[in-house]
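**Q** Residue-level listing of the chains:
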Amino acid sequence: MKVLAAMSGGVDSAVAAARAVEAGHEVVGVHLALSRMTGTLRTGSRGCCTVEDSMDAQRAANKIGIPFYVWDFSERFKQEVVDDFISEYQAGRTPNPCMRCNERIKFAALLEKALALGFDALCTGHYASIETDSKGNLQLHRSLAMAKDQSYVLGVLNKQQLQHSLFPLGKAANKDDIRAEAKARELSVAQKPDSYDICFIPEGDTRDWLSDKIERTEGAIVDLEGNQLATHDGAFGFTVGQRKGLNIGKPASDGKPRYVLSIRPKDNVVVVGPDEALLISELSGSKYSWCGEAPSNTTDWFEAEVQVRAHGLSHPCRVKVAENQMVISLTEPIRGVSPGQTAVVYLGSRVLGQATIDKTVSAVMEQV
Amino acid sequence: MPVYLDHAATSPIRASVLALYVATLSEIGNPASVHSFGQHSRQILEQAREEIAKAINCDRNEVIFTSGGTESDNLAIKGIYWDVNSKDPSKNVIISAAAEHHAVLDAINWLVDSQSAELYLIPSDDQGVLDIVAFDSYLEQNAARVALISVMWANNEIGVIHPISEITTLAKSYQIPVHSDAIAALGHIPVDFAESGLAAMTITGHKLGGPVGSGALILRRDQKLTPVNHGGGQERNLRSGTPDASSAAALALTITEAVSEQGELAARHKIMTERLIAGVKQIADDVVVSAENVPRLPNNAHFRFPGCLGDSLLFLLDSDGVSISTGSACTAGVNGPSHVVLSLGASNDEAMGTLRITLGHSTKDQDIEAFLKALPKAYEGAKKAGLTRR
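In the order they appear, the protein sequences are chains A and B.
Counted from 1, the first sequence has number 464 at position 62 by the working numbering; the numbering is strictly sequential.
Counted from 1, the second sequence has number 199 at position 166 by the working numbering; the numbering is strictly sequential.
Don't read these hints as lab results, they were simulated from the structure.
Any given hint could turn out to be false.
Partial pick of chain B residues on the chain A-facing surface, computed with a CB cut under 10 Å [claimed, not checked]:
1. L342
2. D344
3. S345
4. L347
5. L349
6. S352
7. G369
8. M385
9. G414
10. A415
11. K417
12. A418
13. G419
Listed next, the in silico DSBU-like pairs over lysine-lysine satisfying Cα-Cα at most 30 Å (straight line) [what the hints assert, rightly or not]:
14. A/K404 to B/K417
15. B/K314 to B/K410
16. B/K417 to A/K689
17. A/K585 to A/K550
18. A/K404 to B/K410
19. A/K480 to B/K417
20. A/K404 to B/K406
21. A/K465 to A/K577
22. B/K417 to A/K561
23. B/K406 to B/K416
24. B/K416 to A/K404
Glycine included, each C-beta is placed from N, C-alpha and C at the ideal position.
Can you make the complete structure from the sequences, with help from the hints?
**A** Shown next, in the form of structure tokens:
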């Protein structure tokens, strides 16, 4: 196959590209420039998007012996990921930009471009594996390296995208093996630190980063009864489940700590309440998709598990589609889920599909 | 055989130059040393200086050896600005143009940002032609405040040739020094320093078949300049650092050969670029040829392909063994829209769909034919891949 290897400059994508070459594919490396205002050196916790990372990717491609190009996706990335991130926060939701990047950039814009330019598949260093079932349908599964499993952020992939994806690290047992392999292959990125946090927020402080992008307006922090407890200097940037930084001053009458329960951007209000009010029994979202073949009957409840954050646990649940919504009913309530997050539905290790959460139903009271 | 059509980025080293370069590299001696080894090295250096002076018509003492174009541009712009501005602080305006090379623009912008310089850009039209009337009237109003003018002899991306003599004639009446980056022009059109009226001129070797790292600033005898590098006082105290005699010798041979071949090469290149432009128009009928109907370099053809990204075209052509460029080669390897193409009034999308083909001393007719043969498939694929926006 003609394979385009997306190379971030990190160790995973470098080893993935090397494995694709070894598997006999004709491989070309490409680094996505996601910002034109790139720094020359890595700072903070970022692991991509600087000239240093681009050069790391190029060095790895040279070592592996494949051609290498840098493609500019900065404008598309800004529109589809960064602007979406800002407007989601503006709407009081908690977006997952890595998911958006996979959905709209890597496995959309880049994959489309790759196919148009004559490639058969896109190779990345994600820890997840693609399996074929008895009928020949492709399925996405969790990585064996559970600590690194990235199937969650790939939950947005549809059947066609799976057909053109190659994840050579899917069977890796753990990251140490990949680092050892990179070292054995004499790749200079073997010991490069892992990236974490959001690539376009190098300092890792989302609220601070948003502060000059979303207008700050003072508003009320209220309890469940609507009593004003304090003021905030901008509702954006609060996260459901957040306890610190509320500056309410006086304690609750029962002495228990208070948490952010919901954010109402329209009237600029942050609602707080007790821990138990965070418990959610049901999630739903109209923006959903199936990863590979859709389950045979989705209008009736079926047993599954759901994961609501990248490195979170999975929780037993029942799932069905009703009125164009994916509805997820949790067997045991879970804590602190915010609209905007993605719910990825699993059956064992297999990813079934995902939904962006629009609505949550509280386990203990009327919806907050 | 891979085809190389990116000589404005760098050109293959000439066999004659390589032989001389390697031979002189094994000579011992610092040109500043007094002993016989040093004298021998000095002899190589001064011989090179004389040859360059002869090839471009300047005084041998006007040749200041540097490491290349970027250093020469920085030395000229910062050095002349510092000298003029330190004597008369009211002179803080630098006149230039939007399509200049980054070595010029960024040096000027550094002076603007850090030293209170002001930049006036001579307006230009959609072919890249400078508005000399606007420039003249700006001078009439502001000449007393102008420290320096820097305008390239010909543009490295789109090939448009600027009227250097007209600019120096206008500047002369106000005694304003004019610098020109002549890198793209030298070897492709006649370049005569003494005739030009320039105070300073940048040249480099590697675009003409010399080694990377060999360049010079030609600085008129009466033009003062504050050095950027301080040290041993070499090169008339204007560019300290041990002179590189081998590079100088290689540069001299490169320029001597390039200048002596210039007329014959330009005639050959003109036929090739005409064939190229006609061929591309046949393949892509909506293509826009930049600076098509104005004075331009014979070795440059610059295209804008609507609905395509230059990097898709580059990738597909490169996969087919044909190496061209989307514009100026840049450090990060990221092809943002070219500031040169934007200066023509093109939209962001138009500026992303560019291809630059530049010919050099080693270009043959079959290279042009190979490009034209590879283009239809690449154009079709790039058009299919479209722009990165939905």
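**Q** Each hint: holds or not?
**A** So, going through the hints one by one against the coordinates:
1. L342: Constraint on B/L342 satisfied, holds at 8 Å.
2. D344: holds (6 Å)
3. S345: Holds. Min distance 6 Å.
4. L347: holds (8 Å)
5. L349: Because about 6 Å separates B/L349 from the closest Cβ in chain A, which is inside the 10 Å limit, the hint holds.
6. S352: holds (8 Å)
7. G369: holds (5 Å)
8. M385: holds (8 Å)
9. G414: holds (5 Å)
10. A415: holds (8 Å)
11. K417: holds (4 Å)
12. A418: Result: holds, 4 Å to nearest chain A Cβ.
13. G419: holds (7 Å)
14. A/K404 to B/K417: holds (17 Å)
15. B/K314 to B/K410: holds (15 Å)
16. B/K417 to A/K689: holds (29 Å)
17. A/K585 to A/K550: Roughly 19 Å separates the two Cα atoms, so the pair holds.
18. A/K404 to B/K410: OK: A/K404 and B/K410 at ~17 Å, within 30 Å.
19. A/K480 to B/K417: holds (23 Å)
20. A/K404 to B/K406: OK: A/K404 and B/K406 at ~22 Å, within 30 Å.
21. A/K465 to A/K577: holds (21 Å)
22. B/K417 to A/K561: Within the cut-off at roughly 22 Å; holds.
23. B/K406 to B/K416: It holds: about 17 Å lies between the C-alpha atoms, which stays within 30 Å.
24. B/K416 to A/K404: It holds: about 20 Å lies between the C-alpha atoms, which stays within 30 Å.
Comparing the model with each earlier hint shows no violations; every hint is respected.
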